[in-house]
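Per my numbering, the very first residue in the sequence shown carries number -19; after that it's consecutive.
Hint data in this document are derived by calculation from the structure and do not stem from the laboratory. Worth double-checking, as some hints may not be accurate.
Heads up, simulated BS3-like pairs for lysine-lysine below, C-alpha to C-alpha not over 25 Å straight-line [as the list claims (entries may be wrong)]: (1) 66 to 53; (2) 395 to 368; (3) 383 to 428; (4) 407 to 428; (5) 66 to 17.
Label pairs and their calculated CB-CB ranges [stated by the list, open to error]: (6) 370 to 344: 38 to 44 Å; (7) 233 to 164: 35 to 41 Å; (8) 240 to 131: 32 to 38 Å; (9) 42 to 116: 20 to 26 Å.
Beta carbons are placed, not taken as given, at the ideal position from N, Cα and C, and that holds for glycine.
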Amino acid sequence: MVILNISSSTQHPQYAGASLPQEPEGENPSTAARHTKPSYTVLQAAQQITRNDLRWSDRNGDGVTQICVSFDKLAPGETAFNTVQKHQARLVMQSWADVANVTFQEGIAEPEGLLAFANSQNVEDGIAGWTMLPGQVGKVLVNSKYKEHAAPALHNNPRGTLLHEVGHRIGLLHPGDYDGVGMNYRDHAEYAQDTESYSVMSYFRAAESGHNIAGCRPSAPMRDDIAAVQRLYGSNYQTRNTDTTYGFNSNAGRDYYQLDRPRDVALFCVWDGGGVDTLDFSKYKQNQLINLRAEELSNVGGLEGNVSIARGVTVENAIGGSGNDVIIGNHADNVIKGGAGADHLRGAEGADTFVYDDANDSTLSAPDFIVDFVSGSDKIDISTLLSKAGIDKLTFVRQLSGKAGETFLDYNRSKNQSTLAIDLTGKGRFDFFVRSHGPINPPDLITKAAGAQHYT
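Please model the entire structure based on the sequences and the hints provided.
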């Protein structure tokens, strides 16, 4: 077997953290190159990233490949990881184990693979990290000449280096036949999706594929990495196989899926084993594109191409923020909350529910538009909206008379568009206003808990 020296995808002068300004807007110098490169599907990219078919073998046949981890096997010129480095390395290993049938354990007696970590003065200048592919003797070595490596953290370069090198150690290659310093997207990327928006194994920044991730680096496997490592080891469906929320109010238990403040950076690909799941981007104020279709990229929190859903994963629900969002559903029965702003909502296949909790979610001056409402299948849930206004029932009218609950429901057959408008205050004006493509009928409205609908 040919022994390959594998370097990290980022050279030292490019270090960037989550708090740095966004990448410049406008055309990237490699735009023309991107448009002339072939476009790869997820499966094609996974094949490319694992083109040597190198992996650690599941020798005992239990369906899980067990890799022994050590932090204390040191050679001359090497020093042990500090406490922060060890913690971050364990987070990185967990992120790979979450998506594939591979585990990382310290001190196991009969390992099926080996992974050791150390800082080293012997790594070439300009190279952040180095390792070997499966079956070869070698550690993940971090270049200790660069002091930043002592403090890996969410979305920073040192953690990205650990993620990239562990990917190599379990069998993933760069998306192209390149290695070392001096590489560029125009000359060395073999297909358009060879950027960090799609793979942590790429050398090339998200801007090369027309995306903006605010100078950050992914802290967990991205879309094509997940498909690639699953090609080698199989998919781990035990991970997050109950109802899980990603983003704000997350219960996923991973730092890269957790958002707390409106300035937090969302940068992840969702891998999920089952349950009814939700993307929650409710605290963001920017206009967003939230796409629930697997393998597609979303533009979230003011960034572009920063969130995706892995191949084969179904996320059922989406919650938008206060901007003018576009939310696209999938084949499941989606629950979609646009939030404030003039949102465009597409449920797509399935029996979908569009939820409105506040009058500001859709107003006469900034109405939502439901692009593909199907009467008798889809629903509009205004139960919380009415409860907050103290309205027990809707009264359908053609003209307002100043009574709370008066509702105008109109369908323009020639345009195939409906209007739903409600006076919530009794002041003779429409406080809530939403439009749709396709008819809306009274039974399509959820006004109270199941079995307690009221219409007159």
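Results for each hint:
At most 25 Å may separate the alpha-carbon atoms for a hinted pair to count; residue 66 and residue 53 meet this at roughly 14 Å. Restraint check: the Cα-Cα separation between residue 395 and residue 368 comes to about 33 Å, which exceeds 25 Å; the hinted pair is violated. Taken as a hint, the residue 383 and residue 428 pair is honoured in the structure, with Cα atoms around 19 Å apart against an allowance of 25 Å. In summary, the hint linking residue 407 to residue 428 is supported, as the alpha carbons are separated by about 23 Å, within the 25 Å threshold.
The hinted pair formed by residue 66 and residue 17 fails the criterion: a straight-line CA distance of about 39 Å is larger than 25 Å. Between residue 370 and residue 344 the Cβ separation comes to about 21 Å, which falls outside the hinted range of 38 to 44 Å. About 38 Å separates the C-beta atoms of residue 233 and residue 164, a value consistent with the hinted range of 35 to 41 Å. Distance hint check: the CB atoms of residue 240 and residue 131 are about 21 Å apart, inconsistent with the given range 32 to 38 Å.
For the hinted restraint 20 to 26 Å between residue 42 and residue 116, the CB-CB distance of approximately 24 Å keeps it satisfied.
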